[in-house]
Amino acid sequence: MKRAALIGLLAIGLASAGGAGMTMPPAPLSAAAALRDSAGQVLGQATFKQMGMGVQVTVTVSGLTPGQHGMHIHEYGRCTPGIDPAVNMVVPFGGAGGHFDPGMSHNHDSPTADDKYGHGGDLPVITVGADGKGSASFMTQKVSLTGMTGILNRSIVIHAKPDDYNTDPSGMSGARERCGIITRDNFAARDYPLPGAQDFPEGVAYDAARGLIFTGSAATGDIYAINAQSGETSLFSRGGALGRASALGLKVDAQGRLWVAGGATGAVSILSLDGAPVATLMTPPSPDPYLNDLIPTPDGSVYVTDSTRPMLWRVRDMKIEPWLDLGQTPIKYGPGINLNGIVATPDGRYLLTVQLNTGELWRIDTRSKAVKKVMGGLVHGDGLLLDGRTLYVARNADQVVSKVQLSADYASGQLTLEEPARGLRYPSTLIMVGGDLVSTQSQLDKLTDGTPETPFKLTRFKKF
Amino acid sequence: MLLSMTSRRCLLALGAALTLSIGLAQTLPAQTTPKTPPTPQPIIPPEPAATVTATRLEPVALEFTPDKLSRLKVPAGFQLKVMATGLGNARSLLVMPDGGIYLSRMKQGDVWYLKDVNGDGQIENVERKRVAQNMSSAHGMSVRGGKLYVAAEKTIWVMDMAKDGSLSVPRVFADGFPDAGQHGARGMHWGPDGYLYAAFGSTNNDSRTPNPEEATMLRISPDGKSREIYSSGLRHTIGFGWHPVTGVLYGFDQGSDWHGDNIPPEEMNVIERGKNYGWPFCYGDKNPDPYVNLSSMPGKVTKAEYCAQTQGSLLNYTAHAAAIDAAFYTGNQFPADYKNSMFVAYRGSWNRSEPSGYQIAHVTFSNNQPTTITPFISGFVYQEGDTWKQFGRVAGVAQYTDGSLLFTDDQSGVLYRVLYTGGQK
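For the record, the sequence lines run as chains A and B. Going letter by letter, the first sequence gives residues 1 to 464 in the numbering used here. Going letter by letter, the second sequence gives residues 1 to 425 in the numbering used here.
It is worth saying that the hints were derived from the structure and are not from the lab. Treat the hints with care, as some may be off.
Stated by the list, open to error - Listed below are the simulated DSS-like cross-link pairs for lysine-lysine, each with C-alpha atoms no more than 30 angstroms apart in a straight line:
| id | chain 1 | residue 1 | chain 2 | residue 2 |
| --- | --- | --- | --- | --- |
| 1 | A | Lys446 | B | Lys286 |
| 2 | A | Lys463 | A | Lys446 |
| 3 | B | Lys389 | B | Lys107 |
| 4 | B | Lys275 | A | Lys446 |
| 5 | A | Lys319 | B | Lys286 |
| 6 | A | Lys372 | A | Lys332 |
Between the sequences and the hints, there should be enough to build the whole structure, so can you do that?
Next comes the structure, spelled out in structure tokens:
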């Protein structure tokens, strides 16, 4: 592992990151938020430093009434007016949403409660003196700057009243008086915003010849083409028709056609260069299909993962057929999403595919159909990107992109880095554009629970 | 690489988040200003209460009899003739180059072949034959490569055509389309791009439907096996066609019922790929419809935000007039002004205090752009004392081989023909 590559990143095991042989000291993972009042004036500052498993939080604020003020991490990275559901009216900083609740506790609790029992975003109150100024400095392990409890690109809000650490939804802490977006220090990234309210961008593919990034909606099947240079976004194919009600994994083939894994529709769709429907390949009707990702190989085959039915499908001559019955292999399907992202080695000899619910990475020999476990530890592994013998894994619920170094025969691998970027909301798939990675922020968790944050976006940052 | 990253970080350190894209410009392309998408909300904010007065008024239906013809208003220089009666639920017309006419009958679920063999301007019984049957709600028809395609509720059928107009046993061309529900009449035409275009109305009146293929124009691949939602938010578009010169696709949409005498107006749309025409939430020029409830707003956004992202209509017409079919006029019999203009069959209202429609309307074009919609053949509906009466529900409209115009009445099964005589009988 090149130590130099650690800059700006969180290494696996912070202890090793501080080891000898560094050409440059590793930048600590840190973030800051400028605290504004509802008029937009900056009247405070919060800083966040990752310290092992915890975060050191330091807050200063001015212009508040003397006494205690509730303080919380809120779910969304925006400090705009928004609806307070309790009164169904627009309130200042309502756009920040409710308290960040990574444990899905649906319960307001004290700053010492475990995330399973209370909002992860429940911070200690801040005490303001007679001069209207207050400060707080504390460590918390309820949140982090990376991983499932990651708070990058979320917001910190200071309320008008004290927090009773008990009453839902926010401890009777009253109106929102200060708000700041938690922005990672020293990290360059670029967003590609999408135009719709239901875009939930799950898949991504890159047509290098045309400089176009394709991304598709898990919710509607709409597929957009994004000019990678200008960011200009246009609707490439409206979703919703037979086999196109959902779009998951996307790939561009050698002819520039776009292949779409249709998720629960059980279909693979192929679209022409202008997005017109070319073919719709239906897998046999059976309960609960979930075609999740696909990969073309040099011999003209396209392999398709099915996350719920233990079958690896293959398309040849525009026909989809069962190719590998996974029940006869070491890959054991369980509840939830099983095989997900899939990539192929450049020669097409091996497929690498990640099992989301078990975190296992599998190597499948396309000649012998032999299956070998490469490694574990990649829970929530979704989309894959193979770059030489480096494998990038989008780990959706973990809000990071993981980097894996593979052996020459792809038979073993080691997790080396995890990149939270500037805050990734359910990164589900990856592409490489130039020397950069582009990750979707699918917010797939919001399909079933909660409200997504718009604009939906893809985020581009330097390969690491 | 390290150096460039470091220098980029220095740049970034100079400013706040707003300058990020400037800092990135050295190594990454410039970022365009993002369009602001609608904001999904945990609960959509309320709208003011809206009260509507709506009227169900079905004019008394009368069978066609020749004595009623004098009630019909025909523009000067034009003459109206009856080519056939007793045709049943006569809906769509498809005129072949040899003068053969395919007629679909929705309620009977069949297709007839009519041909004025003796040239007397009448389709006598011996000049009619049923050529296909057992196709539920058979409606739209289109020809390609010697085959007749028929859109019928959930299925598009294909049949080989013989010279005498007879058809082979129907085969399924494409299947699994939405249920008929309230709007089972399908318009369908092969497009200039070689794809088949078929419009599928909503099963209901005015709320979002779970099947995304409802209330859309679908574009179907030439093999029938793949399709896409070409455009959406079209409650019930049946009549549509491509302008003979510009190639622009125009369609006529039927607006929601029970929203009053004038809301929403009937729409003439320019139908473009990927566009959403607003139904059920918006009508006309992206107007939010005050009588549609918020519970089914897609993406939990406000109606105003939703409508802002939709496509408005090009021209509007009297609410509830209910366009069924539409056809471009490309013949030479009518005065030159009519060339490349459009005729529309408005079948007529049942939901308006003063009935609308019951007429063939004319869309005038200026410089190949639609300008107005005005009545062309009207008078099927009339008031007698306090009672509204009607003797014709117009449905199909098509240009005949001689450049006259044909249209059907699906109530009495009449085939009408409009000729231009310039006042000469």
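Hint check results:
Simply put, Lys446 (chain A) and Lys286 (chain B) have alpha-carbon atoms about 28 angstroms apart, close enough for the 30 angstroms limit, and the pair holds. Taken as a hint, the Lys463 (chain A) and Lys446 (chain A) pair is honoured in the structure, with Cα atoms around 28 angstroms apart against an allowance of 30 angstroms. Restraint check for Lys389 (chain B) and Lys107 (chain B): the C-alpha separation of about 23 angstroms stays at or below 30 angstroms, so the hint holds. Pair hint Lys275 (chain B) plus Lys446 (chain A) holds up; C-alpha atoms about 26 angstroms apart against a cutoff of 30 angstroms.
Our distance criterion of 30 angstroms between C-alpha atoms is broken by Lys319 (chain A) and Lys286 (chain B), whose separation comes to about 43 angstroms. Using a Cα cut-off of 30 angstroms, the hinted pair Lys372 (chain A) and Lys332 (chain A) holds, with the two alpha carbons roughly 12 angstroms apart.
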